Amino acid sequence: MSDNDVAVVRSKPRSSGAPPGPPAGAPAPRPERARRGIGNTIRSRERWAALSFMSPWLIGLLAITVGPMVASFYLSFTDYSLGYGEWVGMENYQRMFDDPRLAQSVKVTAIYTFVSVPLQLGAALLLAIVLDRGLRGMSFYRSIFYLPSLLGASVAIAIMWRQVFGTEGLVNQLLALFGIQGEGWVSHPDYALGTLILLHVWTFGSPMIIFLAGLRQIPTMYYEAAKVDGAGVMRRFVSVTLPLLTPIIFFNLVLQIINSFQSFTQAFIVSSGKGGPADSTLFLTLYLYDQGFTQFNMGYASAIAWLLLAIIAIFTALNFLMSKFWVFYGDND
Amino acid sequence: MNATNPSGVSRRTLAKAGIFGAAAAPLLAACGEDGGGDGDGELDFWWWGSDPRHEYTQKIVDAFTAKNDGITIKPSPNEFDAYWDALNVSVSGNNAPDVLQQDDRYLRDYADKNALLPLEELDIDLSNIEENTLKTGQFDGKTYGIATGVNSFALLVNPALVEAAGLTMPDDTTWSWADFAQFTTDLSAQGDAVGNSAISFSNESLFNVFARQKGESLYTDDGQLGFTEATMNEWWQMVVDMRDAGAIPEASKIVEAFAAGQDQAPLATATGVTEFYWTNQIGAIQSVLGSDLLLLRVPGESTGVQPGLYLKSAMFWSVSRTTSDKAAAGKLVDFLLNSDESLDLMLGDRGLPSNTAQRERILPSLPADQKLGADFIAAITPELAEGPPVPPVGSGVAADIMLGVFETLIFDDTTVEETTAAFMEQLSAAIGAA
Numbered sequence: 147m148s149d150n151d152v153a154v155v156r157s158k159p160r161s162s163g164a165p166p167g168p169p170a171g172a173p174a175p176r177p178e179r180a181r182r183g184i185g186n187t188i189r190s191r192e193r194w195a196a197l198s199f200m201s202p203w204l205i206g207l208l209a210i211t212v213g214p215m216v217a218s219f220y221l222s223f224t225d226y227s228l229g230y231g232e233w234v235g236m237e238n239y240q241r242m243f244d245d246p247r248l249a250q251s252v253k254v255t256a257i258y259t260f261v262s263v264p265l266q267l268g269a270a271l272l273l274a275i276v277l278d279r280g281l282r283g284m285s286f287y288r289s290i291f292y293l294p295s296l297l298g299a300s301v302a303i304a305i306m307w308r309q310v311f312g313t314e315g316l317v318n319q320l321l322a323l324f325g326i327q328g329e330g331w332v333s334h335p336d337y338a339l340g341t342l343i344l345l346h347v348w349t350f351g352s353p354m355i356i357f358l359a360g361l362r363q364i365p366t367m368y369y370e371a372a373k374v375d376g377a378g379v380m381r382r383f384v385s386v387t388l389p390l391l392t393p394i395i396f397f398n399l400v401l402q403i404i405n406s407f408q409s410f411t412q413a414f415i416v417s418s419g420k421g422g423p424a425d426s427t428l429f430l431t432l433y434l435y436d437q438g439f440t441q442f443n444m445g446y447a448s449a450i451a452w453l454l455l456a457i458i459a460i461f462t463a464l465n466f467l468m469s470k471f472w473v474f475y476g477d478n479d
Numbered sequence: 010m011n012a013t014n015p016s017g018v019s020r021r022t023l024a025k026a027g028i029f030g031a032a033a034a035p036l037l038a039a040c041g042e043d044g045g046g047d048g049d050g051e052l053d054f055w056w057w058g059s060d061p062r063h064e065y066t067q068k069i070v071d072a073f074t075a076k077n078d079g080i081t082i083k084p085s086p087n088e089f090d091a092y093w094d095a096l097n098v099s100v101s102g103n104n105a106p107d108v109l110q111q112d113d114r115y116l117r118d119y120a121d122k123n124a125l126l127p128l129e130e131l132d133i134d135l136s137n138i139e140e141n142t143l144k145t146g147q148f149d150g151k152t153y154g155i156a157t158g159v160n161s162f163a164l165l166v167n168p169a170l171v172e173a174a175g176l177t178m179p180d181d182t183t184w185s186w187a188d189f190a191q192f193t194t195d196l197s198a199q200g201d202a203v204g205n206s207a208i209s210f211s212n213e214s215l216f217n218v219f220a221r222q223k224g225e226s227l228y229t230d231d232g233q234l235g236f237t238e239a240t241m242n243e244w245w246q247m248v249v250d251m252r253d254a255g256a257i258p259e260a261s262k263i264v265e266a267f268a269a270g271q272d273q274a275p276l277a278t279a280t281g282v283t284e285f286y287w288t289n290q291i292g293a294i295q296s297v298l299g300s301d302l303l304l305l306r307v308p309g310e311s312t313g314v315q316p317g318l319y320l321k322s323a324m325f326w327s328v329s330r331t332t333s334d335k336a337a338a339g340k341l342v343d344f345l346l347n348s349d350e351s352l353d354l355m356l357g358d359r360g361l362p363s364n365t366a367q368r369e370r371i372l373p374s375l376p377a378d379q380k381l382g383a384d385f386i387a388a389i390t391p392e393l394a395e396g397p398p399v400p401p402v403g404s405g406v407a408a409d410i411m412l413g414v415f416e417t418l419i420f421d422d423t424t425v426e427e428t429t430a431a432f433m434e435q436l437s438a439a440i441g442a443a
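The listed protein sequences derive, respectively, from chains A and G. So for the first sequence, our numbering puts the first residue at 147; every next one is plus one. So for the second sequence, our numbering puts the first residue at 10; every next one is plus one.
Quick caveat, the hints were computed from the structure, so don't treat them as lab data. Hints are supplied without guarantee of correctness; some may be wrong.
Stated by the list, open to error - To be clear about the criterion: a stretch of chain G counts as covered by chain A if any three or more of its residues have a C-beta under 8 Å from a C-beta of chain A, and this derived list gives those stretches:
no., segment
1, 97-103
2, 118-125
3, 282-293
4, 417-430
For clarity, every value in this text was computed on a predicted model and none was experimentally measured. Every residue, glycine too, gets a C-beta built ideally from N, C-alpha and C.
Please put together the full structure from these sequences, using the hints given.
Below you can see the structure in the form of structure tokens.
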């Protein structure tokens with residue numbers, strides 16, 4: 147199927163491009179074609195080998211990612227609902243401008259991302275630096291600190307958090323020891339998003355591991371040279387560690403921003419899938435789910451999915467543009 | 010697709026045959042008998058519920074297949090929320106289950122999207138089902154769902170906790186909403202448990218009862234909003250007053266109680282004295298609580314223009330338009346509704362059976378908790394006014410909208426009037442009302 151499509155696409159420019167081509171150029175193609183013929187057999191054999199090795203990934207990509215993406219792009223221009231839908235043009239996209247819940251969900255998602263990502267990366271970097279000192283039993287600590295990353299997005303942990311941060315949960319019992327009357331940390335609209343941010347910050351393990359790897363790559367001679375020049379701990383961190391770590395920070399930043407925009411599980415579990423209380427944890431993904439699966443507006447939900455993609459694309463592009471000004475790759479001097 | 014049809018009779022031919030309705034139906038049923046007929050004899054059968062329901066429903070399915078050679082059934086039990094996600098996906102993807110459980114919040118959505126088969130096309134015996142009950146699954150002159158049974162809202166009260174607070178049971182035949190607010194305030198003040206857990210004030214069905222007592226209703230027959238702002242303001246004001254008086258918990262705890270689910274709800278854990286539930290939920294709550302509950306009429310039944318309570322169809326049996334075997338699907342629904350084998354197992358779990366002959370027959374064998382509900386329904390039935398209209402398309406989201414505005418109210422983010430306005434605006438948009 148896909149091979150045919152490729153052939154069709156290719157043949158088009160060739161046939162349309164041929165007539166205006168100058169006749170003088172006619173003799174030239176012959177030797178070229180002959181050469182290509184030999185190359186083709188080898189190359190096509192290699193191509194088949196490559197394709198067959200790639201196929202587990204490729205089939206998955208086409209069937210599970212590209213296919214549904216194309217479908218959802220089409221659906222975003224329809225009022226598709228329960229198996230029926232008609233073309234409505236830009237209606238779903240126009241509707242976004244007049245949807246207070248969508249505005250709320252963009253706001254919630256933005257706050258979540260721009261508060262939790264810096265905090266999370268900060269915590270990850272701090273822990274990475276501490277662990278980099280080569281403490282005894284470091285691999286143990288590393289595993290312990292990595293654990294939340296493995297668990298953080300799981301349903302069980304989200305349910306546990308709902309208990310721990312409940313009005314009569316562990317956190318408030320601890321606070322009560324100090325005579326502080328705690329709130330319903332996940333059930334009060336003023337605090338619920340903050341609690342989810344905390345949960346996200348807590349899963350600093352994977353950026354931490356990446357930071358650790360980055361720290362290991364900084365040659366010790368730089369530190370030695372800095373020490374000889376009389377640089378203190380802070381100075382060494384600011385002038386040696388940070389600049390050399392910027393590519394890693396950049397990498398983590400891009401990944402974590404994308405991840406945060408796509409967050410779903412924690413808010414879904416903590417708010418029973420409704421983005422509550424009072425829409426205070428209504429992530430864009432939750433609202434998308436609500437529109438598609440609760441309100442049967444699959445077309446609109448598809449449009450929201452593309453809005454999410456656009457937002458993520460814009461921020462990723464911005465990240466790459468700005469990276470020129472602050473990311474230092476050792477090889478570009 | 011026709012290749013898999015051994016009979017060689019095309020679907021279109023059968024669809025035409027279906028137009029003859031009742032006359033053709035026995036013919037189709039006969040086709041089903043010889044193992045082929047119009048369909049493949051394979052039915053996907055979906056329902057939602059709890060474990061006990063899954064177990065006895067499986068037994069009903071076994072009894073059905075034992076009696077009907079050539080029909081195989083693939084059952085898919087699910088939990089309520091997950092059920093609707095899965096159903097939405099399967100219908101959207103064109104592989105809807107053949108026979109399925111429906112709810113009145115969504116019945117009209119699915120029928121409107123052409124996903125359900127008008128059941129007149131099937132051979133289902135409806136002679137023992139009352140006209141009023143059948144109506145709840147009909148619109149535009151066609152039946153898209155047949156009620157499994159009926160239930161009613163009731164105020165469930167934990168009598169032990171009332172006694173512990175040193176109070177006596179109110180007279181539910183005369184009490185008003187003000188009496189209810191006073192009663193729950195006293196319960197909170199004099200006992201250890203909270204008077205009412207406030208889980209139901211965001212339930213659009215309970216508000217519908219309140220509106221009906223004033224001669225209004227949540228929706229009108231032609232799919233518009235049927236209540237006034239004043240009525241809903243009164244409702245929210247009552248919530249605010251009860252919160253300030255301590256009759257209901259503080260806002261955060263209400264949200265938590267709501268999220269905790271039925272098994273962990275204050276009434277079930279004896280930390281709340283009263284809560285509104287549907288009569289078919291009594292058993293599940295009593296079994297968690299471990300002691301008996303009392304059923305009271307919703308307040309205001311005798312103090313308004315008319316009683317607001319009504320018999321709700323607990324759930325419906327529906328058949329997908331795309332079913333691969335209409336005759337077999339019809340047989341299964343008929344079996345579920347009318348057979349002794351089915352009702353002996355189902356009893357009152359899917360509401361007090363809509364088949365009145367079966368209802369009479371199983372009444373003596375009901376377990377104690379279902380007997381409570383059955384007696385309650387029997388007591389209120391003579392008092393009831395005409396039932397509310399079938400909710401309009403898009404009304405499935407009413408519960409979520411009401412919960413959303415309720416939360417902004419109890420946290421004082423919005424005033425009573427703003428809450429009403431937000432609810433009416435959002436619900437109007439959802440149901441496409443003018």
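Evaluated hints:
no. : hint    : in the structure
1   : 97-103  : holds (count 6)
2   : 118-125 : holds (count 5)
3   : 282-293 : violated (count 0)
4   : 417-430 : holds (count 3)
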